[in-house]
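Q: With chain X held as given, fit chain E onto it using these hints.
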Amino acid sequence: MSASEIFSMTIMQGFAGMSLFSVLLLMALGLAIIFGQMGVINMAHGEFMALGAYTVYMLSLVAEKFGFIATYFPLALLVAFVVTFIVGYGLEVILIRHLYRRPLDTLLATWGVSLIMQQIFRQAFGAREVSPILPEWLSGSLHLSETIEIPASGVFVLALSGLATGLVAIMLYRSSWGLTVRATMQNRVIAGAVGINTAKVDRMSFAFGCGLAGVAGAAFTTIGSTGPTSGSLYIVDTFLVVVFGGAASLFGTLASAFTIGQGQSALEFFMTGSMAKVITLVSVVVILMLRPEGLFHIKVRR
Amino acid sequence: MASLGKWFSNTAKKVPGDWLSIVGLALVILVVFPLLLDAFRLNLMGKYLTFGFVAVGLVLCWGYGGILSLGQGVFFGLGGYCMAMFLKLEASDPISTAKQSTPGIPDFMDWNQVTALPWFWEPFHSFSFTLLATIVIPVALAWVIGAAMFKRRVGGVYFAIITQAIAMILTVLIIGQQGMIGGINGITDLKTIHGWDIRTESAKYILYFVNALLLIGAVVLSRQVLKSRLGLLLVAMRDREDRVRFTGYDVANIKIFVFCFGAMLAAVGGAMFTLQVGFMSPSFVGIVPSIEMVIFAAVGGRMSLVGAVYGAIVVNAAKTSLSETMPDFWLYTMGALFIIVVMFAPEGLAGLVKTPQVWRERWQQLRRKLPFDALKPAAPSSNKAEATR
Chain X
1155 MSASEIFSMT
1165 IMQGFAGMSL
1175 FSVLLLMALG
1185 LAIIFGQMGV
1195 INMAHGEFMA
1205 LGAYTVYMLS
1215 LVAEKFGFIA
1225 TYFPLALLVA
1235 FVVTFIVGYG
1245 LEVILIRHLY
1255 RRPLDTLLAT
1265 WGVSLIMQQI
1275 FRQAFGAREV
1285 SPILPEWLSG
1295 SLHLSETIEI
1305 PASGVFVLAL
1315 SGLATGLVAI
1325 MLYRSSWGLT
1335 VRATMQNRVI
1345 AGAVGINTAK
1355 VDRMSFAFGC
1365 GLAGVAGAAF
1375 TTIGSTGPTS
1385 GSLYIVDTFL
1395 VVVFGGAASL
1405 FGTLASAFTI
1415 GQGQSALEFF
1425 MTGSMAKVIT
1435 LVSVVVILML
1445 RPEGLFHIKV
1455 RR
Chain E
94 MASLGKWFSN
104 TAKKVPGDWL
114 SIVGLALVIL
124 VVFPLLLDAF
134 RLNLMGKYLT
144 FGFVAVGLVL
154 CWGYGGILSL
164 GQGVFFGLGG
174 YCMAMFLKLE
184 ASDPISTAKQ
194 STPGIPDFMD
204 WNQVTALPWF
214 WEPFHSFSFT
224 LLATIVIPVA
234 LAWVIGAAMF
244 KRRVGGVYFA
254 IITQAIAMIL
264 TVLIIGQQGM
274 IGGINGITDL
284 KTIHGWDIRT
294 ESAKYILYFV
304 NALLLIGAVV
314 LSRQVLKSRL
324 GLLLVAMRDR
334 EDRVRFTGYD
344 VANIKIFVFC
354 FGAMLAAVGG
364 AMFTLQVGFM
374 SPSFVGIVPS
384 IEMVIFAAVG
394 GRMSLVGAVY
404 GAIVVNAAKT
414 SLSETMPDFW
424 LYTMGALFII
434 VVMFAPEGLA
444 GLVKTPQVWR
454 ERWQQLRRKL
464 PFDALKPAAP
474 SSNKAEATR
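Here the protein sequences come in this chain order: X and E.
All letters in the first sequence, in the order written, are residues 1155 to 1456 by this note's numbering.
All letters in the second sequence, in the order written, are residues 94 to 482 by this note's numbering.
Simulated from the structure, these hints should not be mistaken for laboratory data.
Mixed in with the good hints, there may be bad ones.
The following label-pair restraints were derived from C-beta to C-beta distances [what the hints assert, rightly or not]:
(1) E:278 to X:1344: 36 to 42 Å
(2) E:333 to X:1342: 16 to 22 Å
(3) X:1255 to E:458: 21 to 27 Å
(4) X:1255 to E:132: 45 to 51 Å
(5) E:333 to X:1168: 50 to 56 Å
(6) E:411 to X:1440: 34 to 40 Å
Which stretches of chain E does chain X cover? Using the computed rule of at least three CB atoms under 8 Å from a CB of chain X, they are [to be verified]:
(7) 260–269
(8) 424–430
All C-beta atoms, glycine included, are put in the ideal place defined by N, C-alpha and C.
Chain X with its partners taken away, still in its complex shape (with noise of 0.2 Å):
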């Protein structure tokens, strides 16, 4: 093996490992505001995923019936978040907001949730797993050299998770919004007392987490297929991710995405893919009861 294919294997499979973290922090970021700021255990997380994943496909449909396959995907990604939006604002205004003071039981119940999702997704769009026609310019991919070449639907999913992670925070720490949620979570009291409407913002902040989901789920499409039951498959890594990081922190979201995809495809790369899953969550848990703050702690007042 030459050196100019090796450089080229490590550029590929580092790629691979930017991938997956994109893929992890796009999944997590929802995740970051519901759990990490407000401290809500979402189980049903992955569902709105799936449920961001089928919209897309749904409209795919009509792209296709009425011809335009080739621009109708960004437009996919706007509906996907408003769809899950609006989906999240029902959940939090029928069941969330009567648990907040329970976090055990709120888990139980939006298992509850996404079991029932669960179902409806398998009578409405059958048991196996479907894809949307995608425009030609995310299914192909990139040829960098002769030797080096990688998924453009990677690329895109790598961009988009930039894009959505600077987005939230700026929304987090640079807008009025931002401020009267993190006041509402670290003082939830003083946060009313000086006027904020304590529950509007929690209404505002699940749906908004919830609509994050939903564009996750839309990205995803471009990789992989959809089926009933593709979101519980990442719910637990999902929680895995936001807590390692130390919840309440938007910078250990994203740090420990990044740590975990490098270092499952890394392994990969050596093992199968079943012991390199298992080696990562093992050294994700003994990390975490080593370190039960997470990587990056914030200190909040309680």
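A: Okay, now just chain E, sitting in the frame of chain X:
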């Protein structure tokens, strides 16, 4: 030993699941079910009762201790796998596996080109080691998890998520190791214990009664734990952890004990499951079965030992009948169960049974406030209640 006795000394505190309801449960599972159900249904009921062990353990951990473990399937599975490994070794003696390319090892190893028995299988030739391992391995794992987490004051939802991750890790590990531990199919075709065929109808009856008696024993033992000083501390810790700590108790040790106790019960259930059903597979280890075990306890009543057993029976029976008749409908029912129990019936079935009593108490409270009672001197009990407040 005197100091240990202090922990388990009876405080004569009233705990739910008093003798009457335990005797009632014993009558139902030892007399009524064997008389009413045919051999097939009774075996199925025996399977449900093995989940009752897990549910009873969860009542202690979650209902009384406030520790929600979403990884009870791990302990159930470890107990079950230990028993299954012993049975599998006995089922794969060199004579009955003579046509394999390597006789004398379990069939799935032979299919996966494994030519020698892996080292961790060797001790499971011994039945006494197996019985010991069934309890010790799960409890040791629970102790490691508990000690690592509780000593660092990790609890609540973080603990739940970590236990869930452990359930996922074990499942991925088992499924990935096709040749070593049977992979996704699990360990199947179990036949005999020391030559005693566990597949015959009479063996199934005997195993049912062994299982039922063990379960009653588990309920009685758990009741004793709850009635002891330890049980009192458990509740105190769930409600005001810092105050218990300031009183000088090591909260972590109490949590570790109760978590290990729950793991032990789950492991016994898993071993009995393997014996009665005749196989063990990763589908009883992972995230979904583990969280379903929580719903058994929640439906039965997270504060009621006896209720948890009924919860396991009711939910499993509903699952079997609904997924036979209307498979589409089952997941809706299950999902709705989670939501309804949490929102409207946090005490589950046991809470519903208790309801008349609750209403009577409320009525009496109301009557004290009514004008025609106000003229009379207040009952001494209400004075006392106000004084302690």
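Q: A separate judgement is required for each hint: does it hold in the structure or not?
A: Evaluated hints:
Taken as a hint, the range 36 to 42 Å is violated for the pair residue 278 of chain E and residue 1344 of chain X, whose Cβ atoms sit roughly 57 Å apart. Hint check: residue 333 of chain E to residue 1342 of chain X, Cβ distance near 21 Å, so the stated range 16 to 22 Å holds. For residue 1255 of chain X and residue 458 of chain E, the hinted distance range of 21 to 27 Å is satisfied, since their beta carbons lie about 24 Å from each other. A hinted range of 45 to 51 Å holds for the C-beta pair residue 1255 of chain X and residue 132 of chain E, which are about 49 Å apart.
The supplied range of 50 to 56 Å is met by residue 333 of chain E and residue 1168 of chain X, whose beta-carbon atoms lie about 51 Å from each other. In this structure the supplied range 34 to 40 Å holds for residue 411 of chain E paired with residue 1440 of chain X, their Cβ-Cβ distance being about 39 Å. Chain X is given as covering the segment 260–269 of chain E, and this holds because 6 residues of the stretch bring a CB closer than 8 Å to a CB of that chain, at least three being needed. Given a C-beta distance limit of less than 8 Å, the hint that chain X covers the segment 424–430 of chain E holds, as 6 residues qualify and 3 suffice.
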